[in-house]
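Colleague: Take a look at the letters that make up each chain.
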Amino acid sequence: MYEVRFHGRGGQGAVTAANTLADAAFREGKDVQAFPMFGVERRGAPVNAFTRIDEERIDIKTQIYEPDAVVVLDASLLDVVDVTNGLKPGGILILNSSKEPGSFDYGDAKVYTVDATSIAVDNRLGTETNPIVNTAILGAYSRVVGNVKLESIFEAITMNVPVKVENNQKAAKEAYEKVKGV
Amino acid sequence: MYEVRFHGRGGQGAVTAANTLADAAFREGKDVQAFPMFGVERRGAPVNAFTRIDEERIDIKTQIYEPDAVVVLDASLLDVVDVTNGLKPGGILILNSSKEPGSFDYGDAKVYTVDATSIAVDNRLGTETNPIVNTAILGAYSRVVGNVKLESIFEAITMNVPVKVENNQKAAKEAYEKVKGV
Amino acid sequence: MTEKEELELFASGHRACAGCGEGTAVRQILKVAGPNTIATICTGCLEVVSTGYPETAWEIPLIHAAFENSAAVAAGVEVALKELGRKEGVNVIAFGGDGGTFDIGFQALSGMLERGHDITYICIDNEAYMNTGIQRCSSTPYGASTTTSPTGKYSIGESRPKKPIAAICAAHGIPYTATANIAYINDLKKKVKKALETEGPAFLHVFAPCPTGWRHGSDDTIEIARLAVETGVFVLYEIIDGDICNLNVTVKPKKRKPVEDYLKRQRRFGHLTKEDIAKIQQEVDEKCDRYGLPKRE
Amino acid sequence: MTEKEELELFASGHRACAGCGEGTAVRQILKVAGPNTIATICTGCLEVVSTGYPETAWEIPLIHAAFENSAAVAAGVEVALKELGRKEGVNVIAFGGDGGTFDIGFQALSGMLERGHDITYICIDNEAYMNTGIQRCSSTPYGASTTTSPTGKYSIGESRPKKPIAAICAAHGIPYTATANIAYINDLKKKVKKALETEGPAFLHVFAPCPTGWRHGSDDTIEIARLAVETGVFVLYEIIDGDICNLNVTVKPKKRKPVEDYLKRQRRFGHLTKEDIAKIQQEVDEKCDRYGLPKRE
Amino acid sequence: MTVKITLGAINKEHGSSRKYKTGGWRTVCPVVDLEKCISCYRCYDYCPDAAIKKIENGIEYDLDYCKGCGICSKECPVKAIVMVKEEK
Amino acid sequence: MTVKITLGAINKEHGSSRKYKTGGWRTVCPVVDLEKCISCYRCYDYCPDAAIKKIENGIEYDLDYCKGCGICSKECPVKAIVMVKEEK
Amino acid sequence: MGEQISMTVKGNMATALGAKLCRPNVVPAYPITPSTLFPEKMSEFIADGELDASMINVESEHSAMSACIGASATGARVVTASASQGVALMHEMLFIAAGMRLPIVMAVGNRALSAPINIWCDHQDTIASRDSGCLQFYAENNQEGLDLMINAFRIGEDHRVLLPVMVGIDAFVLTHTMEAVKVPAQEDVDDFLPPYKPKYGILDHREPATFGSFAPPEYYQEFKYEQTKAMEKSSEVIDEVFADYAERFGREYCKVSTFQCEDADIILLTMGSMSGTAREAIRKMRGDGKKVGLAKLTVYRPFPEAELREILSKAKAVAVVERNISPGSTGAIYAELAGAFINQKKKPLLKNFITGLGGRDILVETFREIYEKTLEVVKAGEVKEPMEWVAMNEEVMR
Amino acid sequence: MGEQISMTVKGNMATALGAKLCRPNVVPAYPITPSTLFPEKMSEFIADGELDASMINVESEHSAMSACIGASATGARVVTASASQGVALMHEMLFIAAGMRLPIVMAVGNRALSAPINIWCDHQDTIASRDSGCLQFYAENNQEGLDLMINAFRIGEDHRVLLPVMVGIDAFVLTHTMEAVKVPAQEDVDDFLPPYKPKYGILDHREPATFGSFAPPEYYQEFKYEQTKAMEKSSEVIDEVFADYAERFGREYCKVSTFQCEDADIILLTMGSMSGTAREAIRKMRGDGKKVGLAKLTVYRPFPEAELREILSKAKAVAVVERNISPGSTGAIYAELAGAFINQKKKPLLKNFITGLGGRDILVETFREIYEKTLEVVKAGEVKEPMEWVAMNEEVMR
Ligand SMILES: Cc1ncc(C[n+]2csc(CCOP(=O)(O)OP(=O)(O)O)c2C)c(N)n1
Ligand SMILES: Cc1ncc(C[n+]2csc(CCOP(=O)(O)OP(=O)(O)O)c2C)c(N)n1
Ligand code: SF4
Ligand code: SF4
Ligand code: SF4
Ligand code: SF4
Ligand code: SF4
Ligand code: SF4
Ligand SMILES: [Mg+2]
Ligand SMILES: [Mg+2]
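Residue numbers (the working numbering), protein chains in the order written: chain A, 1 to 182; chain B, 1 to 182; chain C, 1 to 297; chain D, 1 to 297; chain E, 1 to 88; chain F, 1 to 88; chain G, 1 to 398; chain H, 1 to 398.
Here chain A stands alone, though its shape is the one from the complex:
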């Protein structure tokens, strides 16, 4: 079982990211779950979303406390949220940042960065102040974690992100290519 936690802000699309990732894995014949943080958070507030992926049927219904990977959609969260909380030893941390992975120190976590914001803006996803980075970052995820193919993410985007499908796919592809630390 592989467990992923996404960090974003209310309205930024973390939940869609989790859903899209799950859907992508599902298309590869895996069993999946995706769920938001169960809360009442409002737009702007830090929120989480989760994905579970397994070859076997997933029975467990608990929340995710010790993810294998953490994906951060908004680097400004790093100051306000303890993003590696519970991250498995040696787990993966994917950050939306223009910086190099090496400029972050998160202990034994393996850090990867991708400038998803620029990619999103380039692909006209969201606005400059409110770029929608969730599809881009999934491209990076696909590359880094490798348990979901980029093609599956493309497919899942078609279902879960009904607008600007191609732009989103393109963003995912670019991020797949540009992610740093691999």
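Do not take every clue at face value.
[What the hints assert, rightly or not] Listed below are the simulated DSBU-like cross-link pairs for lysine-lysine, each with C-alpha atoms no more than 30 Å apart in a straight line:
1. Lys54(F) with Lys193(D)
2. Lys74(F) with Lys252(D)
3. Lys384(G) with Lys197(H)
4. Lys279(D) with Lys287(C)
5. Lys79(E) with Lys190(C)
6. Lys194(C) with Lys54(E)
7. Lys384(G) with Lys316(H)
8. Lys87(D) with Lys12(F)
9. Lys79(F) with Lys255(D)
10. Lys182(G) with Lys30(B)
11. Lys54(E) with Lys264(C)
12. Lys164(A) with Lys21(F)
13. Lys82(C) with Lys4(E)
14. Lys264(C) with Lys12(E)
15. Lys194(D) with Lys85(F)
16. Lys373(H) with Lys373(G)
17. Lys190(D) with Lys4(F)
18. Lys199(H) with Lys347(G)
19. Lys178(A) with Lys85(F)
20. Lys82(C) with Lys279(D)
21. Lys193(C) with Lys12(E)
22. Lys199(H) with Lys4(E)
23. Lys189(C) with Lys54(E)
24. Lys346(H) with Lys346(G)
25. Lys197(G) with Lys4(F)
26. Lys194(C) with Lys53(E)
27. Lys21(F) with Lys99(A)
Just so you know, these hints were derived from the structure itself, not from any lab.
Starting from the known structure of chain A, arrange chains B, C, D, E, F, G and H with the ligands on it as the hints suggest.
Modeller: This is chains B, C, D, E, F, G and H with the ligands only, laid out in the frame that chain A set:
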């Protein structure tokens, strides 16, 4: 245990009669219960009310199916209601009627009559078309059944019939004296 | 009179008190509505006296669910009829007592009006909760004695004015609102007809005295209903499209009788002093002035 | 500005979305009301963002019981204060969202108004159920897309006009009714003051945009609120003693802007066609004519 | 009157209240003088119990249901109806 | 922030929401140019989060709570406030 | 001690008199048969200046309980009355009143729930609110109705409890039936019941507090736990208060009271007014040499499982007679009683009898039948049909 | 047979898809977290012409159920959704819908009841309506949610049943969680579920009938009896329909389904989404050699007492794990299970665990703890503390 059923029409005061009788017996140290027919009957419809009197504590909470005595406040009910239904063999039937007891045939029931209507009208209780006969008839009850003293009924009237107390008491007294069949 | 008008769709044998104004109201309303009508009712006298199992006084399909939801049940009926293709030519009437309309069912009513269902809501107003034994309702007029607004050392009886239900409903902006009265059968019937012909929600407020609760003779019911209009206590009007500021008074007494004529006939007002009556008179006068009714006799 | 006015009785740290109009509304209302105030609220955004245990944004006594009963809870508070001799100098405010006011809490509100409690009821209207994620309310204006009145092949979005809540409340005959808007703080504050000074029930309808639900920028909240007034979509007025036919418009735009200026700023209206907008414009024009507002630019 | 129960208490015996004769409630009885009657049918209209039938040139009582409220008598414009104490 | 529960969840810590710093939500930050400011206090009035304090001749931000909505900036009549992307 | 005045009153008047003696401040109420006389009497007391309180004639029961909550949170002593559909309509608010720990007292005229609509005696209305967190007492007669109201305030307001309390009196059989009751003197009730002192806080601008918070998963279960513990704690508070009441006023109450149980093979477990008839039936059956006893539940919430175990464990079988039914299961008391016994070594056979629904009269003969059916179980040594309906009107069955 | 389409959807979408396949005519609904997505999706289906039906966006849940009643009595197939306070607010109307024998289907997002307010998973909302006469199903996952909706219509509308049915899916854990589901083809559902044919009558002017009569004591108990019998009868209807569904769609449902029960000393009895976690926990514990099994309640009303007896009687102890509490008593399932066993010779020890209230997460460790505690009971051979709360947040306790 002595059980009494009153027959009247909605609005005619059968319930007050039952309550007043119970209260009178209570004043003599007896245990009592009084209750209306449990229903939704409207003004004008035939209704019943009941009284239980006992020297002992009354535990039983059922309705009364086999009364020792039946009191009919309105003779016009005789055509529409089976007033002796369930009356104990040899039980007492007190009718508000100007006729003689002998003009009624109710098998082995002991019939008594009193012209409570005239007595009520004479004492200005209710109107000519709507005389309030319930106190008068209790006077007759006291005489006929004898398990409650007329004085107790006077007292109970004070509590239960807040208007025209004296007229009501006088009516009870007259009925006590005039009841036929004793 | 048409054949339909002769049908008695609210059957004899119902157990309302002798002289109950509700009987007259429902009989006449159903004469206009005819057999192609489905009705809902609230808990209350109307339901209790007409649906005691295994009997029913209703000749038309009727549903009673609870006290507070005649309008919501009717909404379900109306939408289902439409969905099932059976609405055409069928009236849906939601009946409510004043309690079921002014108070506990008011929200369901307001929601129904707002959503624009093709339903005629008819409130039969006897100015208190009669079924449970004459308790105060927001329809109860100032000064009336009820069992929960009793007159007493520290109480005049009901201390609040009657809730202006028709105006409130009209303020929803519904196509048709009217007040009616069982003493004015033709006016009543015309309004029922108009309401039923209205597409969308209509609200009818029907004044129907209750001899038991108002404490008057069973034969006085119609006369007292008439006096309410003749004194200006209850004004008969229509409001089209919620235009409250242009209401159309349909029955104008030539000269208004003093309210005392109305009040003194009912023992629920028996305790009122001259001053109390003068106060009520003044309020009625003011209202009638607003409505453009003639001055008082 | 008095010292009392400087008090922030609705504290920072509440978790409303950035740019939420409710925050502005409540802050300003409490500035007028001051600390000697007890408030009740409905379930809704306001409650969820301000009372998450173990925190509370409220500096005054507050009670939230359920979604539909702010007015009824307030009635209990008011009567208890009076009975316990603590009402003197204390304001009781019942807050409700539009859902808690127009829909599910409307009956409790109507009952409270009718009974004449000394309570100021304030509806903070963001034209949908926001807390549960933008569902249709009877406050939702014609044409707005919500999650339960979605635009679609067979749907224009919300198909019913906005329920005229202030007129309906005024029709109860209450002493003070007013509409207000967070863009017009002085007007709002004056009205809050009047409402609180009123003896008996007052109803205040406060327009407060929701960037999340209306889908506009978080910085647009005030501008959009202002546009609602400048276009005549939302009219600011007062009604004294329920005299609906004599309402007093307190803010009259010199010239009315076209409704398009208002609609096009919000993505909830994004799907409307030219014809749809023309229809809305016409309705607004008619309403503004009735209210005596200036003609459109 | 014992009747078998029906599913969910749905009652298809529409108008079956007529089985119950509310005439038994009456203590005073309306009597019409058809000579006086002008067939205005106000009595018919106002009767809460549908206990009056229209006939040619007048009305007829259905005493099975008349509760004796007296409305018809009071509302008759020509006083053609009197209420008489029931002799049972 | 773990707090002991209180009877019936009655919360006497009035105004305790201030413990939670909504400043963390901000992605853009208002910056005022006090030179331009005319102390009209519209920004103060409109701020949904009470994140603006009045000072002599102007205003001051309480960045612990400012969510960066941009209302103050937009409503300032003299454009004294600009929103700046947060550099964290 | 002032003298107790004896008088004959209806059940609703008895609960109203009990309430009046407790000097409530606010009475929000909505009429419903068969409890309407309660608000009527309270209105009269107030109109006549006999009680210094305010009625709130609300527009529905939902608002009645809402106004109770508002008033109680403001520090007032609050009482209301309802029944049937009214209790059902305030269902949501009952949980909220309990969750907020407000000691509101409610007199209920126990009546059947619709559909079909029926106004007569049945316990389903309050039973269906048994999860709400309100204490529930049931009276056998009017005297109990009056006394339990007074006890209800003292118990509910005890700082170890702080929960709403319902006092059930059976529709018509009590509410509309006149019986003799003794009414304590005001000064003695004043001594017994001190003024209401909220424990933790009230709505008061001098000490602002937020009531009705939003509780995330970190806290909710703990609030429920505390509330549940308070309910459990109320068990001992009830004992104390009942004992104090007995000492002062001479009338003894127990959560479960017994009659002829010592040597009984079969015990009838009853609640409410049927208990009187059961006692009468037992006297008769004892006359016929049958070893039968009665256990009467006065307190149903908290469910007195320890007491019931103690009383019933010696019997061979217990007939649980209930005026409620959970379709698809059994009567509520039967299941809970089973819960109390399931892990015990020594336990009687249990049989559930459903009867008295919607005002079906429960007769002495009904109890005889119940006894006979239970006796068969004892003879067989096993329970084949755990639940039976008795006093069915076979004539109307299809 | 058409192909079943696999897709990932949230729980609310699963129940909405299930409902849509049943071609309801009328959908009166009111939004409430966590079930709001259901009416939203239905609105969308209708707005897009994918479903030929009407929404009624009522102003409250009381009116939602009222409109359901009106529409169902008119002959429409009706579905709605609600949760928590919404279910509580329609409490009165649930009894009425059932008493009128209207097969309304309701998807519930099971959530805690106020106060304090909490939007998370908990079964108290529907449990507190267990007396209403509605059937109650609980889903473990989204697939079950979808399938149970389809079964619900067929079972509720069966002429032997004719009762409302609730399908519970856990708040957030299912409602907001995306999982893979297989969606049957429309034509197959059409085959499985014939159009709704009311049995006795509808509101139709061509055949006038009165619904919602006033029933005096001569009849009421008999109506309740018939209704109760219909609920009991539904037990066999459920078996039939589940079997037919399995045959057609390949997914098997049982009122109580089991996992590793054959040789289990200790069986965990669960309901809803916690069952999945319990299965996972059991796999782990089996790995450690512990003889533990799972019994999952899919049908709670009618309470499957026979099935539970059959399954559980061989165990030494049963741990009844519940997301509800009746303060002053126990969890609802515990008591009813005790009722099912009380008169049995062979029965396990029963222990009740209250947990998961208000969204408290139920972990694999929670089940381990529950197992250990139950093991102690088995070792001791007796149950000292029949009810325990687990997964308490000790930190916040006073
Ligand atoms: C929820 C609920 N509350 C209270 C009642 C009791 N109740 C039934 S009818 C009624 C009064 C009816 O008054 P109204 O609507 O004015 O009709 P009327 O009987 O006066 O014709 C009341 C209080 C009920 N049935 N349901
Ligand atoms: C009885 C009940 N039904 C539904 C809900 C769910 N609910 C909570 S808040 C809300 C919407 C609130 O809308 P509104 O009053 O307009 O306030 P807003 O959130 O928009 O500020 C809903 C539907 C509830 N809490 N209780
Ligand atoms: S109480 Fe009044 S409304 Fe009810 S039946 Fe009698 S007269 Fe009619
Ligand atoms: S959803 Fe709207 S009303 Fe709710 S907090 Fe956000 S902006 Fe405010
Ligand atoms: S009211 Fe008089 S005149 Fe008119 S029809 Fe009747 S009896 Fe004849
Ligand atoms: S007396 Fe009354 S019931 Fe009889 S016929 Fe005349 S109006 Fe009808
Ligand atoms: S709005 Fe602009 S000018 Fe006015 S106080 Fe604020 S910063 Fe200064
Ligand atoms: S950006 Fe928004 S929250 Fe921040 S100070 Fe300005 S108005 Fe207030
Ligand atoms: Mg009425
Ligand atoms: Mg809103």
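Colleague: For each hint, tell me whether it holds in the structure or not.
Modeller: Here's how the hints hold up against the structure:
For the suggested pair Lys54(F) and Lys193(D), the alpha carbons sit about 23 Å apart, so the restraint of at most 30 Å is met. A hinted pair counts as satisfied when its Cα atoms are at most 30 Å apart, and Lys74(F) with Lys252(D) qualifies at roughly 23 Å. Proposed proximity of Lys384(G) and Lys197(H) is contradicted: the alpha carbons are some 37 Å apart, above 30 Å. A hinted pair counts as satisfied when its Cα atoms are at most 30 Å apart, and Lys279(D) with Lys287(C) does not qualify at roughly 37 Å.
The suggested pairing of Lys79(E) with Lys190(C) holds, with an alpha-carbon distance near 27 Å, which does not exceed 30 Å. For the proposed pair Lys194(C) and Lys54(E), the alpha carbon gap of about 26 Å is at most 30 Å, so the pair holds. Between Lys384(G) and Lys316(H) the CA atoms are separated by roughly 23 Å; this keeps the pair inside 30 Å, and the hint holds. Restraint check: the Cα-Cα separation between Lys87(D) and Lys12(F) comes to about 21 Å, which is no more than 30 Å; the hinted pair holds.
Between Lys79(F) and Lys255(D) the CA atoms are separated by roughly 25 Å; this keeps the pair inside 30 Å, and the hint holds. Distance check on the hinted pair: Lys182(G) and Lys30(B) sit about 14 Å apart at the alpha-carbon level, within 30 Å; holds. Simply put, Lys54(E) and Lys264(C) have alpha-carbon atoms about 34 Å apart, too far for the 30 Å limit, and the pair is violated. For the hint linking Lys164(A) to Lys21(F), the alpha-carbon distance of about 36 Å lies beyond 30 Å, and the restraint is violated.
Pair hint Lys82(C) plus Lys4(E) does not hold up; C-alpha atoms about 34 Å apart against a cutoff of 30 Å. Simply put, Lys264(C) and Lys12(E) have alpha-carbon atoms about 44 Å apart, too far for the 30 Å limit, and the pair is violated. About 42 Å separates the Cα atoms of Lys194(D) and Lys85(F), which puts this hinted pair outside 30 Å; it is violated. With a C-alpha separation of about 40 Å, the suggested pair Lys373(H) and Lys373(G) falls outside the 30 Å cut-off, and the hint is violated.
For the hint pairing Lys190(D) with Lys4(F), the CA-to-CA distance comes to about 41 Å; that exceeds 30 Å, so the pair is violated. Distance restraint check for Lys199(H) and Lys347(G): the Cα-Cα separation of roughly 45 Å exceeds the 30 Å cut-off, and the hinted pair is therefore not satisfied. At roughly 24 Å between alpha-carbon atoms, Lys178(A) and Lys85(F) fall within 30 Å of each other, so this suggested pair holds. At most 30 Å may separate the alpha-carbon atoms for a hinted pair to count; Lys82(C) and Lys279(D) meet this at roughly 27 Å.
Using a Cα cut-off of 30 Å, the hinted pair Lys193(C) and Lys12(E) holds, with the two alpha carbons roughly 27 Å apart. At roughly 17 Å between alpha-carbon atoms, Lys199(H) and Lys4(E) fall within 30 Å of each other, so this suggested pair holds. Simply put, Lys189(C) and Lys54(E) have alpha-carbon atoms about 19 Å apart, close enough for the 30 Å limit, and the pair holds. Straight-line distance between C-alpha atoms of Lys346(H) and Lys346(G) comes to about 14 Å, which keeps the hinted pair within the 30 Å bound.
For the given pair, Lys197(G) sits about 23 Å from Lys4(F) by alpha-carbon distance, which is consistent with the 30 Å threshold. Of the supplied pair hints, the one linking Lys194(C) and Lys53(E) holds, its CA atoms being roughly 27 Å apart against a limit of 30 Å. Distance hint between Lys21(F) and Lys99(A) is fulfilled; the C-alpha atoms sit about 27 Å from each other, no more than 30 Å.
Checked against the numbered hints above, the structure violates hints 3, 4, 11, 12, 13, 14, 15, 16, 17 and 18; every other hint is satisfied.
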